[in-house]
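Asker: Read top to bottom, the protein sequences are chains A and B.
Counting in this note's numbering, the first sequence runs from 1 upward without gaps.
Counting in this note's numbering, the second sequence runs from 1 upward without gaps.
Treat the hints loosely; a few may be bogus.
As the list claims (entries may be wrong) - Covered by chain A, per the in silico footprint, the following chain B stretches (three or more residues, Cβ under 8 Å):
no.: 1; region: 8-19
no.: 2; region: 27-34
no.: 3; region: 48-56
As the list claims (entries may be wrong) - Covered stretches of chain A (in silico footprint by chain B; criterion: 3 or more residues with CB under 8 Å from a CB of chain B, positions within the stretch not fixed):
no.: 4; region: 18-27
no.: 5; region: 46-59
Since the hints were made in silico from the structure, they are not lab data.
A virtual CB, placed ideally from N, CA and C, is assigned to each residue, including glycine.
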Amino acid sequence: MQTVARNSGSVDLVSRIAQAVIHPGSNLLTNLTISTSNFFAGISNSQSLFEENRRLKQLETAAQLYTEQLRFYKQENDQLRKLINLPPTNGKQRIPAQIIMYAPLENRVTINRGSNHGIKPNLPVVAAEGLVGTVQTVSANSAQIVLISSPQLRVGAVVNRQPKPFGIIRGESTNKMILQISDIKSTVKPGDVVMTSGLGELIPGGIPIGIVSLRETDEEYGALQCQVFPYVRIGDIREVYVLR
Amino acid sequence: MNSRLNIIVAIILGWSAICLQVSVAPRIALFGALPDFPLIVLLAFCPALSRVQAAVFGFFLAIGYGGTIGANLWQCVVSYTISGFVLAWINDNRVTPNVPVMFATGFFGTILARLLFMFVAAPPGITSYLGATILSALYNGVLILPLYALLKRFLDPAFR
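Chain A on its own, in the form it takes in the complex:
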């Protein structure tokens, strides 16, 4: 029952009941934990927060200008794609959401947005640091996200260097992902940035995933594997965006 429901992107009855019972308490505790830690962090870092706030205000002004330019280029890109009969790029609409439940051992989190807000299975979820995962199951007002650290999730990825080696990335543990590259002669090095390739149907390209920490070549099978350290630290994030 659970597998059938999950494959269709919905939540089975038992899980729905469990979530309905647990959500109010877990929401309250999550908010309480965050407020408490923010309160103490605010007291201990007040001087640096003041400085940071000043810098961020300056950055915000620059970002507004940059966002306007970006919007202009996106519109232009869409028009050009339309002219050559290509579909519009994915992930233009951002649906803000908050993580309300964490299950890092299961490589899942739950967000407070669901089908009522336009969330559908397989949509990508991002945080400020990079790709968080994709939507697995959706109920009316919540959705479960499979994290990028899950071995279940495979995402098309590219290493940000010239020439760009393409590959598939999958999770292995909370702090380790494996990027498999078909081109064994690729010059990928530790420290290179890994991003989404945008070759899939739903995940747009250019979203940061992590940084290459180790390169392993298997000459016998003609494969190149890289260990990737993810950018997103799931325990630290609260706000995410679902890209539609």
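Given the coordinates of chain A, assemble chain B onto it according to the supplied hints.
Answerer: Then chain B, alone, in the frame of chain A:
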């Protein structure tokens, strides 16, 4: 656990443990190890329960926790139910609960639950899984002590 009070306490603690697990646990990780609050509650209750009662309590905790986080329910149910049964059976055999015994219950109970979890569906990276299991077992072994002290104080004589 025959009295109505004990059942109510078990339900409240089980609910609180699941809420804590999905909201607080990821923020209090130590060296990458997370506590397992539902398992701590189950193991802390074991001295007061018969084998069947512990298995039933473990079953419902697993359904509640597994359903909430969207985990494989079968895996959770096997892990929690058998762990509850085995630990209650060990406690049935005239083991007097005290601080070292409860620490051992938390430690070995966690190891047993995680191993069962692993045997039902092996996770990738067995070495890192086992490392995290040992750290979590130590964490649970420590966290079970204050809970046991509270339960012993308020639910005696169910706790021997």
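Asker: Between the region 48-56 of chain B and chain A, are there enough contacts, at least three residues with CB-CB distance under 8 Å, for the coverage claim to hold?
Answerer: violated (count 0)
Asker: Three or more residues of the region 27-34 of chain B near chain A by CB distance under 8 Å?
Answerer: Answer holds; 4 residues pass the 8 Å Cβ test.
Asker: Three or more residues of the region 8-19 of chain B near chain A by CB distance under 8 Å?
Answerer: The restraint on the region 8-19 of chain B holds, since 4 of its residues have a Cβ under 8 Å from chain A and three suffice.
Asker: Counting residues of the region 18-27 of chain A that have a beta-carbon nearer than 8 Å to any beta-carbon of chain B, does the count reach 3?
Answerer: This one holds; 7 residues, not fewer than the three required, reach chain B with a Cβ under 8 Å.
Asker: Examine the region 46-59 of chain A for residues whose CB is less than 8 Å from any CB of chain B, and state whether their number is three or more.
Answerer: violated (count 0)
Hint compliance for this structure: hints 3, 5 are broken, all remaining hints hold.
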